[in-house]
Amino acid sequence: ETGVTQTPRHLVMGMTNKKSLKCEQHLGHNAMYWYKQSAKKPLELMFVYNFKEQTENNSVPSRFSPECPNSSHLFLHLHTLQPEDSALYLCASSPGLSGGGVAQETQYFGPGTRLLVL
Amino acid sequence: QKEVEQNSGPLSVPEGAIASLNCTYSDRVSQSFFWYRQYSGKSPELIMSIYSNGDKEDGRFTAQLNKASQYVSLLIRDSQPSDSATYLCAAQLAGSYQLTFGKGTKLSVIP
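Chains S and B supply the protein sequences, listed in that same order.
Quick note on the numbering used here: the first sequence kicks off at 1 and runs consecutively.
Quick note on the numbering used here: the second sequence kicks off at 1 and runs consecutively.
Excised from the complex, chain S in its bound form (with noise of 0.2 Å):
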């Protein structure tokens, strides 16, 4: 597999499922993102992860939990979601930069997860 891929493509779950979002990057990277792409909505970051370390938060419900256990897998693990949850979700990575420092980085997106949340 090359690039940047995401299990499952397609999600259904109740509001009381526990379900989570696989994230693999095959680049050699080391910065990891996951998004959320709504209808008639900007693509929102959710969180970014640096060499395993989670730099960005952008104030996302506890009910999204990401883990990032090396600098090629990245998870979404979900929980008591809302309808209003249903979306698409992109995992992105880029290089990343060691000792907390930043580049002009471009982002490369797996193909999303579309999740429906009933």
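Accuracy of the hints is not assured; some may be wrong.
As the list claims (entries may be wrong) - Mimicking DSS-like on lysine-lysine, the simulated pairs with C-alpha atoms at most 30 Å apart in a straight line are:
no., chain 1, residue 1, chain 2, residue 2
1, B, Lys-56, B, Lys-106
2, S, Lys-19, S, Lys-36
3, B, Lys-42, S, Lys-41
4, S, Lys-22, S, Lys-52
5, S, Lys-19, S, Lys-41
6, S, Lys-40, B, Lys-67
7, S, Lys-36, B, Lys-103
8, B, Lys-42, S, Lys-19
9, B, Lys-67, S, Lys-36
10, S, Lys-36, S, Lys-22
11, B, Lys-42, S, Lys-22
12, S, Lys-22, S, Lys-41
13, S, Lys-18, S, Lys-41
14, S, Lys-19, S, Lys-52
15, B, Lys-106, S, Lys-41
16, B, Lys-56, S, Lys-41
17, B, Lys-56, B, Lys-67
18, B, Lys-106, S, Lys-40
19, B, Lys-106, S, Lys-36
20, S, Lys-41, S, Lys-52
21, S, Lys-41, B, Lys-103
22, B, Lys-67, S, Lys-41
23, B, Lys-56, B, Lys-103
24, S, Lys-22, S, Lys-40
25, S, Lys-36, B, Lys-42
26, B, Lys-103, B, Lys-42
27, S, Lys-40, B, Lys-42
28, B, Lys-42, S, Lys-18
29, S, Lys-18, S, Lys-36
30, S, Lys-40, S, Lys-18
31, B, Lys-103, S, Lys-40
32, B, Lys-42, S, Lys-52
33, B, Lys-103, S, Lys-19
34, B, Lys-106, B, Lys-42
35, B, Lys-103, S, Lys-22
Think of the hints as simulated: they come from the structure by calculation, not from any bench.
Here the structure of chain S is known, so what remains is to put chain B in place on it, guided by the hints.
Just chain B, lined up with the frame of chain S:
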């Protein structure tokens, strides 16, 4: 509040014409700018990045940046029906990993 504004369109151009997509941003500290193309039901795909004032050309695509006017644009020459997609403009602040995206402009190239 950091904002990136784009005309949502749809922008319709005939095949072979030049498509001009525009974007303005509110934060003067933004230093890097990106154009992504997103086909319906697909994820964003990078088209161009630009960091310095002026023009940057890559094949049929030219990105233009004017930091004084806080304006960035994307020109697509010899537009093809396969260019029909939503084009997302994104700005990155200096020292931040965060990209702020616009809502996107839907482009339709008419054969």
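Evaluated hints:
1. B:Lys-56 with B:Lys-106: holds, 22 Å
2. S:Lys-19 with S:Lys-36: Holds, at about 16 Å.
3. B:Lys-42 with S:Lys-41: Holds, at about 16 Å.
4. S:Lys-22 with S:Lys-52: Given that 30 Å is the threshold and the Cα spacing comes to 15 Å, the pair holds.
5. S:Lys-19 with S:Lys-41: holds, 24 Å
6. S:Lys-40 with B:Lys-67: Roughly 27 Å between the alpha carbons, so the hint for S:Lys-40 and B:Lys-67 holds.
7. S:Lys-36 with B:Lys-103: holds, 13 Å
8. B:Lys-42 with S:Lys-19: holds, 22 Å
9. B:Lys-67 with S:Lys-36: With Cα atoms ~28 Å apart, B:Lys-67 and S:Lys-36 stay inside 30 Å; holds.
10. S:Lys-36 with S:Lys-22: Given pair S:Lys-36, S:Lys-22 holds - Cα atoms ~14 Å apart, limit 30 Å.
11. B:Lys-42 with S:Lys-22: holds, 17 Å
12. S:Lys-22 with S:Lys-41: OK: S:Lys-22 and S:Lys-41 at ~23 Å, within 30 Å.
13. S:Lys-18 with S:Lys-41: holds, 26 Å
14. S:Lys-19 with S:Lys-52: holds, 21 Å
15. B:Lys-106 with S:Lys-41: Roughly 13 Å separates the two Cα atoms, so the pair holds.
16. B:Lys-56 with S:Lys-41: holds, 28 Å
17. B:Lys-56 with B:Lys-67: Holds - the C-alpha atoms of B:Lys-67 and B:Lys-56 are around 14 Å apart, at most 30 Å.
18. B:Lys-106 with S:Lys-40: Holds, at about 12 Å.
19. B:Lys-106 with S:Lys-36: holds, 19 Å
20. S:Lys-41 with S:Lys-52: Holds, at about 29 Å.
21. S:Lys-41 with B:Lys-103: Between S:Lys-41 and B:Lys-103 the Cα gap is close to 6 Å, so the pair holds against 30 Å.
22. B:Lys-67 with S:Lys-41: Holds, at roughly 25 Å.
23. B:Lys-56 with B:Lys-103: Distance ~23 Å between B:Lys-56 and B:Lys-103 Cα, so the pair holds.
24. S:Lys-22 with S:Lys-40: Answer holds: S:Lys-22 to S:Lys-40 is near 25 Å, not above 30 Å.
25. S:Lys-36 with B:Lys-42: holds, 14 Å
26. B:Lys-103 with B:Lys-42: holds, 15 Å
27. S:Lys-40 with B:Lys-42: holds, 15 Å
28. B:Lys-42 with S:Lys-18: Distance of about 25 Å is within 30 Å: holds.
29. S:Lys-18 with S:Lys-36: holds, 18 Å
30. S:Lys-40 with S:Lys-18: holds, 27 Å
31. B:Lys-103 with S:Lys-40: holds, 7 Å
32. B:Lys-42 with S:Lys-52: holds, 27 Å
33. B:Lys-103 with S:Lys-19: holds, 28 Å
34. B:Lys-106 with B:Lys-42: Measuring from Cα to Cα gives roughly 14 Å; hence the hint holds.
35. B:Lys-103 with S:Lys-22: holds, 26 Å
The structure shown violates none of the earlier numbered hints.
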